[in-house]
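Starting from the structure of chain U, add chain V where the hints point.
Top line first, the protein sequences correspond to chains U and V. Quick note: the first sequence, position 208, residue 208 per this note's numbering, numbers continuous. Quick note: the second sequence, position 62, residue 62 per this note's numbering, numbers continuous.
If you're looking for bench data, these hints aren't it; they were derived computationally from the structure. Treat the hints with caution; some may be incorrect.
[Unchecked claim] Below 16 Å or equal to it, Euclidean Cα-Cα: the simulated EDC-like pairs (lysine to aspartate or glutamate) are:
1) Lys75/V to Glu256/U
2) Lys194/U to Glu226/U
3) Lys236/U to Asp273/U
4) Lys75/U to Asp170/V
5) Lys75/U to Glu256/V
6) Lys281/U to Asp20/V
Number of protein chains: 2
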Amino acid sequence: MYNIGIDVGGTSIKAGLVEDGIITVKASKDVDKSMGFYGVVRDIEYVVNEILREKGMTIEEVRTIGIGIPGVVNKDGHVSCVNLGLKNDPLEMKLKEIFSNVKIVVENDANVAAFAEYKYGSMRGYDVGVMITLGTGVGGGIIINGKPFSGAHGIGSELGHIILDSNYYDCNCGNNGCFETFCSATAIIKYAQKLIGEGKKSTILQFAQNNIENITAKMVFDAYKENDEVAISVVKRFKEYLIRGIVSIVHFIDPEIISIGGGVSNANEIILDGLEEELNKRVIYNGNGIAKIVIAHFKNDAGILGASAL
Amino acid sequence: MYNIGIDVGGTSIKAGLVEDGIITVKASKDVDKSMGFYGVVRDIEYVVNEILREKGMTIEEVRTIGIGIPGVVNKDGHVSCVNLGLKNDPLEMKLKEIFSNVKIVVENDANVAAFAEYKYGSMRGYDVGVMITLGTGVGGGIIINGKPFSGAHGIGSELGHIILDSNYYDCNCGNNGCFETFCSATAIIKYAQKLIGEGKKSTILQFAQNNIENITAKMVFDAYKENDEVAISVVKRFKEYLIRGIVSIVHFIDPEIISIGGGVSNANEIILDGLEEELNKRVIYNGNGIAKIVIAHFKNDAGILGASAL
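Chain U extracted, bound-state conformation (with noise of 0.2 Å):
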């Protein structure tokens, strides 16, 4: 028997199979987000059926299909996501219609995210894991006993909006002072921007080629190598807030591990310079130890891997 994950993202649906937490066999479609509920549907049936015809099986030999959705996912698998048009749509039922005597299960992506470190990569071992994604956005996944937990209405685990101070933008959710608003790729961008047009020099605006717009999370951290002292600032003034975001995390569960993840975590040496020892300075008791921070293991895989061990 076998078990397929599918990672449902905002431009594709990646889909593997998965054997022994290895992907044999990949299959993926773009998405037509115009399609709605529908168009999720047909396309996770159209990846599985491509998986299925690649091994050369029947659905009859698959045990489980476990889902990964950017958004929320309730206790009875209705699922809502802006980016896809879903509302509140009735998903698990559906797919349990189509790929009868599978169990389907839905989950949200991060905890998805964070359930791949917990069975196959850094949070292994760990039965109380938080896994904090930092990209666009900044993600959430949360492991206790061993299971993906996202609350009671499926929006816990939704650590990008914990609010941690009072910042100079509002945070899309509408709130001001997220944890995404500080230490997403985003929000390294934006302050970069804002300190380079307020008339700071820097070399940042030299390799996004003079223009502003180009800027990216990577290039911070190159100038930062550089010594530059807007990088400096801004790498600084991130660095503070994840500190501030893991205190509020530790405090409030206190995991065994933290594992953090998404593009931004590529800059793993500068992120983990000085953090655990920072943390223990700021945790309120640290006699019984503190949560180990360590950098995520899976870069694209992740959603693959999780949904399929679901």
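Here is chain V on its own, set in the frame of chain U:
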């Protein structure tokens, strides 16, 4: 068989025999802080023996002794508490030696209060619940799957020390911007003192007999009811941060219910007024419902009741 609950506080140790959720026999003793671990153990032994004597029964008839401690409890029952001079002391083990054949369970006191609300009070029937205790500080208790949850090293559920904003004074814990520096009784008093100290006229000062050192949180809420401008500013700020704290809690673990207790919660009408509406506006996705907000049921007996049920 009987269960005994013990509430170890900074000034006294209270114990109760609990039958069907009702305390039928009580005993208490002032603590002698100078005696440290030895004193705490001796005092616990004393109150347990008082209960046995009063009830006319033997220790063989006791199934469980549950103990709530105002500090950190690690996985193997070692406790640390600055106020009582405890530092990683083996409380559970020591009590097991004394009361052989009785099950001994030690927990953080805020988690014990949350457990009392879960077993007998405002959070009854809700398997994922958070209790926020607004007192001299801000405490937190988390129930997950019907059990108190305090994380991997006993420092979870310290909700008073999640960080919400920059504040004009530092927290006792050394950080800046902790929940308890905005929403504890102390925070309310400090901010009223600050505004009055800056020269603002207020009924609060009359209530305090013209001495700002006499100000209490109750005086602020009483003045608020009389439309006092300073009180309105203080309560507005308190409620703004209470909402931010609750938004962070919801985005973090999305409980079914949040119960607000502690002395400040006596101002229940002022606290609940408009709270759920505002929360609905600020939570990123409310399509599946949001945590219910209630006022805690128990005042003084939560420690004994919760501990007896551990």
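Do the hints match the structure? See the list:
1. Only pairs whose Cα atoms come within 16 Å are accepted, and lysine 75/V paired with glutamate 256/U is accepted, the gap being roughly 12 Å.
2. With a CA separation close to 20 Å, the supplied pair lysine 194/U and glutamate 226/U exceeds the 16 Å bound.
3. At most 16 Å may separate the alpha-carbon atoms for a hinted pair to count; lysine 236/U and aspartate 273/U meet this at roughly 12 Å.
4. A threshold of 16 Å between alpha carbons decides the hint, and for lysine 75/U with aspartate 170/V the separation of about 41 Å lies outside it, so the pair is violated.
5. Our distance criterion of 16 Å between C-alpha atoms is met by lysine 75/U and glutamate 256/V, whose separation comes to about 12 Å.
6. Proximity of lysine 281/U to aspartate 20/V is assessed by CA-CA distance (about 45 Å); at most 16 Å being required, the pair is judged violated.
In this structure, the hints that do not hold are numbers 2, 4, 6, in rising order.
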